[in-house]
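The sequence shown maps to residues 5 to 143 in the numbering used here.
Any given hint might turn out to be false.
Distance condition first, Cα-Cα at most 27 Å in a straight line; then the derived DSSO-like pairs of lysine-lysine [stated by the list, open to error]:
id : residue 1 : residue 2
1  : Lys64     : Lys85
2  : Lys12     : Lys85
3  : Lys8      : Lys64
4  : Lys36     : Lys13
5  : Lys13     : Lys140
6  : Lys36     : Lys53
7  : Lys86     : Lys39
8  : Lys39     : Lys49
9  : Lys86     : Lys8
10 : Lys49     : Lys36
Hints were generated in silico from the structure; no laboratory data involved.
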Amino acid sequence: MLRKIHFKKFYIFIAILEIILIAALIGWNYFKDRKMGMVRHIMHKNIYKFPKVLTENNIKLMLGVLILFVIIQVILVIVYKKFIFSLVINIILVIGSAYYILTNNVDSEFIYYYIVIFCGGLNTLRFLQFLTLDFKKEI
């Protein structure tokens, strides 16, 4: 499996970052109902910090960048005809993220802003991981 990866150390580093990001989101989701300090922290961020940074336009811009990442991946797959399965997984992740972000808001999901950050970060890491694959043409 690692034979098809051009930058193996960077690929493994990104995979570890993905695992940490998923574990962090699971932790946020678990502790949001169980620890009062976490509830206060999330409430403070939801009221004072995130609405200034994660406006509706910025969230749509982030989704546009994620769609641009998918377009770049589609072009690479068309040119080299390799790694189609990775492309399909990335497309599913971007579509799922976009659907969740556009259909929910902070009123319906308490940790909505954290999920938006998670979706953007995870899809960006998946794009970088896709770029580390070896796209040399076989003769």
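Each hint, compared with the structure:
no., hint, verdict
1, Lys64 - Lys85, "violated (30 Å)"
2, Lys12 - Lys85, "holds (21 Å)"
3, Lys8 - Lys64, "violated (34 Å)"
4, Lys36 - Lys13, "violated (34 Å)"
5, Lys13 - Lys140, "holds (19 Å)"
6, Lys36 - Lys53, "holds (17 Å)"
7, Lys86 - Lys39, "violated (47 Å)"
8, Lys39 - Lys49, "holds (16 Å)"
9, Lys86 - Lys8, "holds (10 Å)"
10, Lys49 - Lys36, "holds (13 Å)"
Figure legend: structure checked against the earlier numbered hints; hints not met, in rising order: 1, 3, 4, 7.
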